[in-house]
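Participant: Here's the letter readout for the chains.
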Amino acid sequence: MRFAYGLAIAVVGACLVPLVSPNYMLTIIIEALIWGIFAMSLDLLVGYTRLYSFGHVAAYGLGAYSSALLLLHFHMPLPFAIILAVVISSLIATPIAWVCTRTHGVSFAMLTLAFAQLGYAMLYRFKEFTGGSNGLAGIPRPAGPFGIELFQHKVGYFYLVVFCLFGSYLLCRSLVNSPFGSVLAGIRENEAKTRALGYNTRAYKRAIVIASYGFGSLAGALYAPFAGFASPELFFWLISGKVLIMVIVGGAGTLIGPIIGGIFFIFLENQLAEITDLWPLIFGSVFIAFVMLAPQGIWGLVTSTLNRRRAPAGAGPDPEDVSGASA
Amino acid sequence: MPLLECIRLTRRFGALIAVDNVNMAVEPGEIRAVIGPNGAGKSTLFNVITGVLKPTDGEAFFNGERISGLPVHEVAQRGIARTFQLTHLFPQLTARENVRIAAQARLEGRWAMLGGGKVLAQSRRRADEALEQLRLTRFSDTPARNLSHGDQRLLEVAMAVAQAPILLMLDEPTQGLSIEETERAVDILRQMLAGGGLTVILVEHDMEVVFKLAEKITVLHRGQVIADGTPDEVKADAQVQSAYLGGFE
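Chains as they are written, first to last, in the numbering used here: chain A, 1 to 327; chain B, 328 to 576.
Here chain A stands alone, though its shape is the one from the complex:
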């Protein structure tokens, strides 16, 4: 019930944003929401399965280039291009997941990084196709389906992104609360035991890597047509680090936390960049502060504060109840 109220407030609040936000702000807001989707997709790996991907930019880049190429060459309605881009990216992610999940820990992180770098290198290798360092410019936002022109305008695009954000959040939430999701928790806690119980843990890890890349590619697929261009920067390894920081600062293993972390950092970056060139320094300081002082992240701070405020009003001082609610 509490969840339904929270969701309703969030949806209504989001829908009101274009009415109050100045036009230039809306650009930043859209970008922030796209990063929210991206960070949430990584949370499936980092927060729920304890698989540290250092190459999550591959998902973003794959999605961005897929949707860009589809729109440039096939001129299909925007929503179709985005869906198809996600499908293509997930298919490409399948062999990547196959290889990466044969390893653990640092090797997993390094392999994901290697695959991301491979993608980056291929952008330069297949220049005719990808535009090389120039990237792809002039990505159209065709109308449709049924001639709907809504998404061609910024406000319409905002609603598309909001829809994708809430849709993928609800899907991810259902995923982590499903029987499948509980196996991910088992893998996170003790993979050997999970295997001994009869779960083919490698297959589960493969599936969640593909799902995570799928949701991550949705973010990329939304970004390219919005920006109107796709450049190798969307495949650059620094982005993998940035999104990992967003997940940890937002609160890994909560889905909402990383969304907030993504939005928070894009705003922070945007505001600071206007004031000083030293914004990466502040970015880094915020990260260090969170890791040292609040490892549970922004959302962890919010929920623990809420629970503390609710506890005295609750049924009684049952310490087990409190620990259960925050777990």
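Just so you know, these hints were derived from the structure itself, not from any lab.
All values derive from a computational prediction rather than experimental measurement.
Glycine included, every Cβ here is placed at the ideal spot set by N, Cα and C.
Take the hints with a grain of salt, since some may be wrong.
In silico contact screen, one side only, chain B against chain A (beta carbon under 10 Å); selected entries [as the list claims (entries may be wrong)]:
1) PRO355
2) VAL379
3) GLN419
4) GLN431
5) ALA432
Cβ-Cβ distance ranges computed for the label pairs, FRET-style [as the list claims (entries may be wrong)]:
6) A/LEU301 with B/ARG462: 34 to 40 Å
7) A/GLY167 with B/GLY366: 54 to 60 Å
8) A/GLU233 with B/ARG465: 55 to 61 Å
9) B/ASP468 with A/LEU16: 38 to 44 Å
10) A/MET110 with B/ARG462: 44 to 50 Å
11) B/ARG462 with A/TRP237: 51 to 57 Å
12) A/PHE3 with B/ARG462: 48 to 54 Å
13) B/PRO418 with A/ALA289: 24 to 30 Å
14) A/LEU16 with B/LEU441: 25 to 31 Å
15) A/ASN177 with B/GLN518: 31 to 37 Å
16) B/LEU441 with A/TRP98: 22 to 28 Å
17) A/TYR24 with B/ARG472: 49 to 55 Å
18) A/TYR24 with B/THR464: 58 to 64 Å
Here the structure of chain A is known, so what remains is to put chain B in place on it, guided by the hints.
Facilitator: Showing chain B alone in chain A's frame:
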């Protein structure tokens, strides 16, 4: 036909032969203890049977089907549940969720990615039963890491029971327990096994526990089976006396 049959099962680690030509047949419904001094190869034998380790030589059959060499999860899927010598749990999850994940392991819908409420409810029911059997119901909502060592050992047994196994393999369930805790654990285990139907292989150090629970005993010494029979036969065996039981009676 024996439920589990090991034929010349062997596992070497370099020059060390941890499990050496072990022949063992466990009949359905039997409660069998595997005993032997430290380093006798008891846990290694468990690990070879359950697929954690590949045998260097020999074979193991379960229900007439060859299981040696199968991956761990495949062995478990055939109905063999085990506990570990060192407690293996999901420390951050509640006791109930630990057992529920175990109960879900052999259900059809365990792969459900969206929803899956039916599987969750079904496995939860089974988990609550197993928790009650091991008298852990009052800890259902406690994170596993907050349980006492003794209750953690029992929780792992509850997980194995919730898997609805045909063969239950317990690796030193009373390891590290105090005398009182051991008595309590043995009581609980005995009641659980009195229900019948389960075939059990038990590795145990504590001879009292063994004689209270087991109907058949296999004695390992330096990887080899040196005796195999009823508790009385094993007690009377001269070789066992010198190798292991010295001073017990």
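Participant: Tell me the numbers of any earlier hints that the structure contravenes, in ascending order.
Facilitator: 1, 12
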